[in-house]
Amino acid sequence: MRVGRWLILAAIFAIIVFVGDTYLRHRKDIEALAAPPGLDTALDGNADSWCDTQHDGAKLTFKICAKNFKQVKDPAHMELEGVSLWLYHKEDKEFDLIETDKAEFDPNTKNLYSDSQVDITMGLPVEGPQHGRLLKIHTSGVHFDKDTGRATTDRAANFVFDQGTGSATGAEYDPNTRELHLRKEAILDWRGKTAEAKPMHIEAAEAYYLEKESKVVLMQWSKLTRENLKMDAGMSTVLMEHNEIKRVDSQSGRGVEDKDGRTVEFAADHLGLDFGEHMVVTHIEGTDHAKLISNSPSGRTTATGNRLDLGFDVGGGESTLSTAVTTGNSVAESVPVAVPGSSAE
3 MRVGRWLILA AIFAIIVFVG DTYLRHRKDI EALAAPPGLD TALDGNADSW CDTQHDGAKL
63 TFKICAKNFK QVKDPAHMEL EGVSLWLYHK EDKEFDLIET DKAEFDPNTK NLYSDSQVDI
123 TMGLPVEGPQ HGRLLKIHTS GVHFDKDTGR ATTDRAANFV FDQGTGSATG AEYDPNTREL
183 HLRKEAILDW RGKTAEAKPM HIEAAEAYYL EKESKVVLMQ WSKLTRENLK MDAGMSTVLM
243 EHNEIKRVDS QSGRGVEDKD GRTVEFAADH LGLDFGEHMV VTHIEGTDHA KLISNSPSGR
303 TTATGNRLDL GFDVGGGEST LSTAVTTGNS VAESVPVAVP GSSAE
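Add 2 to a position in the sequence shown, counting from 1, and you land on the number used in our numbering.
Among the hints, erroneous ones may be present.
[Unchecked claim] With a cut-off of at most 16 Å between alpha-carbon atoms, the simulated EDC-like pairs for lysine to aspartate or glutamate come out as follows:
1) Lys65 x Asp54
2) Lys293 x Glu279
3) Lys104 x Glu129
4) Lys148 x Glu174
5) Lys200 x Glu246
6) Lys138 x Glu81
7) Lys104 x Glu81
8) Lys261 x Glu320
9) Lys186 x Asp147
10) Lys138 x Glu181
11) Lys138 x Asp121
12) Lys138 x Asp191
13) Lys65 x Asp147
14) Lys112 x Asp149
[Stated by the list, open to error] Label-pair restraints from in silico Cβ distances:
15) Asp262 x Tyr115: 22 to 32 Å
16) Ser216 x Lys75: 25 to 35 Å
17) Asp58 x Gly274: 37 to 47 Å
18) Tyr115 x Ser216: 27 to 37 Å
19) Arg302 x Trp223: 27 to 37 Å
20) Asp121 x His244: 21 to 31 Å
21) Val258 x Ile189: 17 to 27 Å
22) Ala158 x Lys75: 29 to 39 Å
23) Asp58 x Val258: 21 to 31 Å
Hints were generated in silico from the structure; no laboratory data involved.
Yeah, the Cβ is synthetic: ideal placement off N, Cα and C, and Gly gets one too.
Could you put the whole structure together from the sequences, leaning on the hints where they help?
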């Protein structure tokens, strides 16, 4: 019995020695196998993809998807990567698409915020090819309200539409009213549909693009420049038809056309400019305290009245002032240029 006990103890000792030797020889390999990382205690969870939708009855109004997301505990929010957001219009035929690399979503306030670059494409068709106006906005620092669909930023924003480009500092877009508010330093460059069309450069303190009404409202002050024609005014309204400027109505406007050695200055409390094909000026009207000053090599003519009408000859994508008429309490004065050697010198 004693011999058997010693044999058992010897066997156990041999096993321990063998296991110890094996561990020592493979220790580095075992330590190299790191334990899988545990879930961050600040997170409730994470995943490779996530989507959320919102309906009004059977109608889809809102859809947001992310390629990756993390659910953060405190404060409660979701960190999203590769974000796409679809905002469906009430007509259910078009939607606006918002895309950004990173964003934070607050499930309590239902607000989305992206400090990264954001691209907003308005008026995409649910089915079929694109038709009508298309506006793309590129900016950053965007706050998005899930309930109202409104997107806002205080940062610089650039945008592209069918017939031009623009920029502003601070912007707000409401998909329900289809209104884009350019808060400060609004700039629009309208290039027209054809190669013959001369671009129109527009500046304003702020502006509203009313997509449903095909209208741009320029607030506080406005400036319009088209080739030889320049105009400064207070508030102005730009009316469009088939994506081209058709008329501009301005308050307290004053302008000048300088062409072929002839300068025509005009001003009135209310100015209206009509545009034809290729965005060529066809007619300018001024009402209330209207004034016209024409300077040419032959002399200077000044006319005032209740109303001013300027007519233009149009051809080859150009317009040339052809007539100038003031009516209603009209007063005109013409001063010829003095001829060298004459008594008028």
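Hint-by-hint comparison with the structure:
no.	hint	result
1	Lys65 x Asp54	holds, 6 Å
2	Lys293 x Glu279	violated, 28 Å
3	Lys104 x Glu129	violated, 28 Å
4	Lys148 x Glu174	holds, 14 Å
5	Lys200 x Glu246	holds, 12 Å
6	Lys138 x Glu81	violated, 25 Å
7	Lys104 x Glu81	holds, 8 Å
8	Lys261 x Glu320	holds, 11 Å
9	Lys186 x Asp147	violated, 22 Å
10	Lys138 x Glu181	holds, 13 Å
11	Lys138 x Asp121	holds, 7 Å
12	Lys138 x Asp191	holds, 14 Å
13	Lys65 x Asp147	holds, 13 Å
14	Lys112 x Asp149	holds, 7 Å
15	Asp262 x Tyr115: 22 to 32 Å	violated, 55 Å
16	Ser216 x Lys75: 25 to 35 Å	violated, 49 Å
17	Asp58 x Gly274: 37 to 47 Å	holds, 42 Å
18	Tyr115 x Ser216: 27 to 37 Å	holds, 32 Å
19	Arg302 x Trp223: 27 to 37 Å	holds, 28 Å
20	Asp121 x His244: 21 to 31 Å	holds, 26 Å
21	Val258 x Ile189: 17 to 27 Å	holds, 21 Å
22	Ala158 x Lys75: 29 to 39 Å	holds, 34 Å
23	Asp58 x Val258: 21 to 31 Å	violated, 53 Å
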